[in-house]
Amino acid sequence: MENSLLLKSIEIRRSLLKTIYNANMGHTGSSLSNVDILVTLFYQVMSYKVKDPTWEERDRFILSKGHGVESYYCILADLGYFPEKELDTFCQFKTRLIGHPNNKVPGVEVNTGALGHGLPIAVGMALAAKLDKKGYRVFVVMGDGEQAEGSIWEGAMAASHYKLDNLIGIIDRNRLQITGNTEDIMSLEPFKEKWQSFGWKVIEVNGHDIDELLKVFNSTPKKKDKPTIIIANTIKGKGVSFMENKAAWHHKVPDKKQLEKALLELSSQEGDLGE
Amino acid sequence: MNKIANKQIICDTLIKRGKENRDILVLTSDSRGSASMAKFGEQLPEQLIEVGIAEQNIVGIAAGLASSGKLPFIASYAAFLSMRSIEQIKVDLAYSNTNVKVVGISGGLSYGPLGMSHHALQDIAVMMAIPNMTVILPADRYETEKMTDELLKYCGPVYIRVGRNSVPDIHQSANFDYEIGKALTLTEGDDLTIIATGETVKSAVDSSKLLKEKGIKARVLNMHTLKPLDEKAVIKAAQETACILTVEEHSIYGGLGSVIAQTVIQNYPVPMKMIAIPDEPAIAGQQLELFEYYGISADNIAREAVNLVKRC
Ligand SMILES: Cc1ncc(C[n+]2csc(CCOP(=O)(O)OP(=O)(O)O)c2C)c(N)n1
Chain G
455 MENSLLLKSI
465 EIRRSLLKTI
475 YNANMGHTGS
485 SLSNVDILVT
495 LFYQVMSYKV
505 KDPTWEERDR
515 FILSKGHGVE
525 SYYCILADLG
535 YFPEKELDTF
545 CQFKTRLIGH
555 PNNKVPGVEV
565 NTGALGHGLP
575 IAVGMALAAK
585 LDKKGYRVFV
595 VMGDGEQAEG
605 SIWEGAMAAS
615 HYKLDNLIGI
625 IDRNRLQITG
635 NTEDIMSLEP
645 FKEKWQSFGW
655 KVIEVNGHDI
665 DELLKVFNST
675 PKKKDKPTII
685 IANTIKGKGV
695 SFMENKAAWH
705 HKVPDKKQLE
715 KALLELSSQE
725 GDLGE
Chain P
242 MNKIANKQII
252 CDTLIKRGKE
262 NRDILVLTSD
272 SRGSASMAKF
282 GEQLPEQLIE
292 VGIAEQNIVG
302 IAAGLASSGK
312 LPFIASYAAF
322 LSMRSIEQIK
332 VDLAYSNTNV
342 KVVGISGGLS
352 YGPLGMSHHA
362 LQDIAVMMAI
372 PNMTVILPAD
382 RYETEKMTDE
392 LLKYCGPVYI
402 RVGRNSVPDI
412 HQSANFDYEI
422 GKALTLTEGD
432 DLTIIATGET
442 VKSAVDSSKL
452 LKEKGIKARV
462 LNMHTLKPLD
472 EKAVIKAAQE
482 TACILTVEEH
492 SIYGGLGSVI
502 AQTVIQNYPV
512 PMKMIAIPDE
522 PAIAGQQLEL
532 FEYYGISADN
542 IAREAVNLVK
552 RC
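Chains as they are written, first to last, in the working numbering: chain G, 455 to 729; chain P, 242 to 553.
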């Protein structure tokens, strides 16, 4: 299974790079960072119906770091929520594929883009599931720089207060934000302990190891009555060597040469998997 | 063609003054690059305070710094600063009349393709509704430089909105009188008055040239300060010209058009027309594409002006 998901991740990386290049806009590093998390969730973990996007029992997904939207749109297109061709309209005049998640796009639950909103919304969704005695889970992907917003911690408090074991937060812990290293901009460490002290079950994983991600997602909630936070250690710009761990690639757009180089790298990763 | 964005002018001016006055501080929220304040941070590292992505916190911290004698300038995204932090602005800044300058960068439709979360089209409405707040939208680089110098002498909380990109010059040079709260008359005329603010002033000025060809003499007022409003200039315009057209990069609710209408109707009612963004989540597109789409272009302003003058 893992191999096919790894191939899918490469395909999504390729697709998002082309989308950003065509639009001459986008958050390249941020999006590459969350690909493996989103691929694992969408192709293996969550239940939903592409033909019935508002199916009541579906698992809910929120991309709270809304600027990392390209991987999300590319996955939704690949799953058939909308025609792949439409990716060419990303960020263009009158498009519905605007530069942050937009719920006019089938498969997108809520609009995000202003950081620090996703977790409180997820708390509301998880609470509704409890009230309605429904079995769905709520997944919310956040940035690590985003953790400086106070609303995250208000949501964190409420989630453990209401014992929302159907809520799973994932932090894309790439240690970079726009200006530089999170620990220089607004330090988060000791990060695990912070979430623990807010009453969450904390699990740390390699956010690019799909096997590890699968194992964790499939075994949550680990603790009844506790929300789970997954600190996913990632690399911003993952998959393209010259973009990796570089803050400058947060919202830089590759030029033609860089795109070609990046696509070549992805092809060789694909080749390695085939062997 | 000017290549320097207004936000960059604010930075350059603050660097100059900040070297002489160490109390001048710039606060950023993972936004020093976007705010063009990186250079300030490089040249005056001890005077740049980074708070991370936390717009409520940044205002509270600035309030504390100001009440301890510092001169804080907050430079962060207009969309988030104006809405996310509005209670801190109301209570921590306005209520206590705290001397903090709030610079909203990439305002209006600057982030056009990024959607409503990033559009700042309600900021003026919110700021204007708060007592003690001064609200300023500079039009070009000369004005921005003069404004920044004035702000350093101006005590009390101020909201300044600038865009993301460089804008064409309106003034020929820095050789003009600038006073916070006093409108600038850019062209004389008595057929109608066009009042514009911020980075839409250029379209208004250009439209007056088109109107002149049609034999319509438009007075163009650059209302760089929306609050306190230069009521005198507005009332005078109402008395001396037949009608008023307003132009702004803001929601039709609560911006320039609203406040001018409010002043006109209570003092000297004349017909008015407002060009602004309608009450909808603005569509996606580049800023200038959206200007065109929503009618903030010299052509459309001239068209509306002709229609308005016909009615009067
Ligand atoms: C409320 C708010 N403030 C500021 C921004 C501007 N902004 C967009 S992305 C970003 C940095 C995000 O860093 P992080 O959460 O670490 O995500 P990464 O891209 O590194 O995964 C900032 C400051 C925003 N979108 N929302």
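Worth double-checking, as some hints may not be accurate.
[Said to hold, decoys possible] Straight-line alpha carbon distances no greater than 30 Å define the calculated DSS-like cross-link-like pairs of lysine-lysine that follow:
1) G/K706 / P/K244
2) P/K551 / P/K514
3) G/K706 / G/K680
4) P/K257 / P/K280
5) G/K711 / P/K455
6) G/K505 / G/K539
7) G/K548 / P/K514
8) P/K551 / G/K548
9) P/K514 / P/K450
10) G/K700 / P/K453
11) G/K548 / G/K505
12) G/K505 / G/K462
13) G/K706 / P/K473
14) P/K244 / G/K700
15) G/K646 / G/K700
16) G/K584 / G/K558
17) P/K458 / P/K468
18) P/K423 / P/K453
19) G/K548 / G/K558
20) P/K394 / P/K423
21) G/K548 / P/K244
22) G/K710 / P/K244
23) P/K458 / P/K473
[As the list claims (entries may be wrong)] Each pair of labels, with its calculated beta carbon distance range:
24) G/G604 / P/P522: 20 to 30 Å
25) P/N243 / G/D709: 50 to 60 Å
26) G/D726 / P/D540: 33 to 43 Å
27) G/N699 / P/N243: 29 to 39 Å
28) G/D709 / P/A415: 30 to 40 Å
29) G/K648 / P/S308: 46 to 56 Å
30) G/D679 / P/Q503: 26 to 36 Å
31) P/K257 / G/D709: 29 to 39 Å
32) P/K455 / G/N699: 53 to 63 Å
Just so you know, these hints were derived from the structure itself, not from any lab.
For every residue, glycine included, the Cβ atom is placed at its ideal position computed from N, Cα and C.
Here is what the structure says about each hint:
1. G/K706 / P/K244: holds (20 Å)
2. P/K551 / P/K514: holds (12 Å)
3. G/K706 / G/K680: violated (39 Å)
4. P/K257 / P/K280: Distance of about 11 Å is within 30 Å: holds.
5. G/K711 / P/K455: With a Cα-Cα distance of about 51 Å, the restraint between G/K711 and P/K455 is violated, given a limit of 30 Å.
6. G/K505 / G/K539: holds (18 Å)
7. G/K548 / P/K514: Measuring from Cα to Cα gives roughly 26 Å; hence the hint holds.
8. P/K551 / G/K548: violated (33 Å)
9. P/K514 / P/K450: Cα-Cα ~19 Å, so holds.
10. G/K700 / P/K453: Distance of about 53 Å is beyond 30 Å: violated.
11. G/K548 / G/K505: With Cα atoms ~25 Å apart, G/K548 and G/K505 stay inside 30 Å; holds.
12. G/K505 / G/K462: Cα-Cα ~21 Å, so holds.
13. G/K706 / P/K473: violated (48 Å)
14. P/K244 / G/K700: holds (27 Å)
15. G/K646 / G/K700: Distance ~24 Å between G/K646 and G/K700 Cα, so the pair holds.
16. G/K584 / G/K558: This hinted pair holds, its Cα atoms lying about 27 Å apart.
17. P/K458 / P/K468: holds (27 Å)
18. P/K423 / P/K453: Measuring from Cα to Cα gives roughly 26 Å; hence the hint holds.
19. G/K548 / G/K558: holds (12 Å)
20. P/K394 / P/K423: holds (16 Å)
21. G/K548 / P/K244: holds (27 Å)
22. G/K710 / P/K244: holds (25 Å)
23. P/K458 / P/K473: Since the Cα atoms of P/K458 and P/K473 sit roughly 21 Å apart, the hinted pair holds (cutoff 30 Å).
24. G/G604 / P/P522: 20 to 30 Å: Check passed, 26 Å falls within 20 to 30 Å.
25. P/N243 / G/D709: 50 to 60 Å: violated (26 Å)
26. G/D726 / P/D540: 33 to 43 Å: At 57 Å between Cβs, range violated.
27. G/N699 / P/N243: 29 to 39 Å: holds (36 Å)
28. G/D709 / P/A415: 30 to 40 Å: For P/A415 against G/D709, whose Cβ atoms are near 38 Å apart, the range 30 to 40 Å holds.
29. G/K648 / P/S308: 46 to 56 Å: At 30 Å between Cβs, range violated.
30. G/D679 / P/Q503: 26 to 36 Å: Taking Cβ atoms as reference, G/D679 and P/Q503 lie about 55 Å apart, which means the hint is violated.
31. P/K257 / G/D709: 29 to 39 Å: holds (35 Å)
32. P/K455 / G/N699: 53 to 63 Å: holds (59 Å)
When the structure is compared with the earlier hints, violations turn up for hints 3, 5, 8, 10, 13, 25, 26, 29 and 30 and for no others.
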